[in-house]
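*Asks:* Each chain, letter by letter, is given below.
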Amino acid sequence: MRTYFDAYVGLAVLLLVGGAIVGGGLAANRLLRPHRPTPEKLLTYECGVDPVGEGWAHSYVRYYVFAYLYVVFAVDAVFLFPWATVFSAPGYGLTTLGEMFVFLAFLAAGLAYAGKKGVLSWV
Amino acid sequence: MVEVVVKLALVAAAFAVLPLLVGQAEHKVMAHMQGRLGPMYAGGFHGWAQLVADGVKFAQKEDVVPRAADRWVFKLAPGVALVPYLLVLIVVPVGPDGQVALDLGLGLFFALAVMGVGVIGAIMAGWASANKYSLLGGMRVAAQLMSYELPMVFAASSVAMAAGTLSLPGIVGEWRWWWLPWQAIGAVVFFVAGLAELRRPPFDMPVADSEIIFGPYTEYGGLRFALFILAEYAGIVVLCALTTVLFLGGWKGPFLDAELGWLWTLLKVAVLAFLVIWLRVSYPRMREDQLQKLAWAYLVPLSLGQLALTGVLKVAFG
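Chains A and B are the protein sequences, given in the same order.
When we follow my numbering, the leftmost residue of the first sequence carries the number 560, and every step to the right adds one.
When we follow my numbering, the leftmost residue of the second sequence carries the number 151, and every step to the right adds one.
Rather than coming from a laboratory, the hints here were simulated on the basis of the structure.
Watch out, some of these pointers could steer you wrong.
What the hints assert, rightly or not - Which stretches of chain B does chain A cover? Using the computed rule of at least three CB atoms under 8 Å from a CB of chain A, they are:
(1) 367-373
(2) 451-457
Claimed, not checked - Simulated crosslink set (PhoX-like; lysine-lysine; CA at most 20 Å straight-line):
(3) B/LYS207 x A/LYS600
(4) B/LYS443 x A/LYS600
(5) B/LYS211 x B/LYS225
(6) A/LYS675 x B/LYS443
All C-beta atoms in this analysis are idealised placements derived from N, C-alpha and C, irrespective of residue type, glycine included.
Make the full structure from the sequences, and use the hints.
*Replies:* Following this line, the structure appears as structure tokens:
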């Protein structure tokens, strides 16, 4: 267990390096840049005209159905990875291949059904 | 220990240099392709000083956070957009025999997962700006990620099936020239989906300047804005490196793989980066509905077909 997590120490170090690059850059930037806020400057820019109403406007999230589809498919897709590494190992062969086509058929049927229902067109 | 430190330093150096090279190349290639004079002026020869001038400008601009903005999320977003691409570079092999900073057993899975995190930075920016157009842009970023992540994952898992491993050096080790035709569909799907995930033209609907100003980045200025642009170029480097490693044989070249492996890798990445820039210059922006249609009606079925092809040929001949 210990050796398994050891591999990730380098990753943690690199994450710190990345944080230092961004943080250090912004800190150096702080010394170089002016800071003279005025009410006009702090106004939301939006499109150049003074904003009307608040920024978090109500909008219709049209693609929530895509989001459902994505979650369904992505959860399936994750299981592909462990399977992909062993499917052609000795002793599996044709059986796993058949299973793959069952899997693909499920996905394709789901996609075709969603398409037929008209979900896949952006409104 | 020393070896690990040197490798991490090399990763950080590549992260600092390669995106800037891509940025410089983009200036010049676009200037040549479109006959632009602006980027060819600064400093005399081919406008070499343009990037330096841009850097100096960004470094001394005031850091304005709009009063209405969600302050902490707004300030954090550029970092979230940039750092994941640095982390992905740690698993990308440049040569054989351990010329990789970290040979992770599930490197491919790791790379795909962490690459997706970068997109959250853009969504955070879109939300935190308290700007209607930024919010719309952020929504489009999210929609694009969801549609294109799927074909990308399928295309990548096709390579994992072919190689029988998720380790990136392992995949290149298994790679043979006939994978090029075998995995061609997957390669195109992966590259196109990656471009869409990076919101590069022609998939730049989330930042479409003619309708939503500059999408999630509208309210940013100075260094934070520069970090977003840098994230875009770092994203190009990562996408090209992953495409190279998965589909183009990574360090394998016509000769001297062991000695010149890093050169072949860099060469392939550079050619792909040129292709990314070329696509930006040549194609008009796709509409939002066309974007979704391309993903769900073409790329997903194509990538499923690639999975079937990979499985059948692997069992038949492997």
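*Asks:* All the hints need checking, so say for each whether the structure fits it.
*Replies:* Status of each hint after checking the structure:
For the stretch 367-373 of chain B, the assignment as covered by chain A holds, since 4 residues bring a beta-carbon within under 8 Å of that chain's beta-carbons and 3 suffice. Counting residues of the stretch 451-457 of chain B whose beta carbon lies closer than 8 Å to any beta carbon of chain A gives 3, which reaches the threshold of three, so the coverage claim holds. Simply put, B/LYS207 and A/LYS600 have alpha-carbon atoms about 19 Å apart, close enough for the 20 Å limit, and the pair holds. Between B/LYS443 and A/LYS600 the CA atoms are separated by roughly 41 Å; this puts the pair beyond 20 Å, and the hint is violated.
Our distance criterion of 20 Å between C-alpha atoms is met by B/LYS211 and B/LYS225, whose separation comes to about 15 Å. Note on A/LYS675 and B/LYS443: the hinted pairing holds, with a Cα-Cα distance of about 14 Å set against a maximum of 20 Å.
Hint 4 from the list above is the single one not met by this structure.
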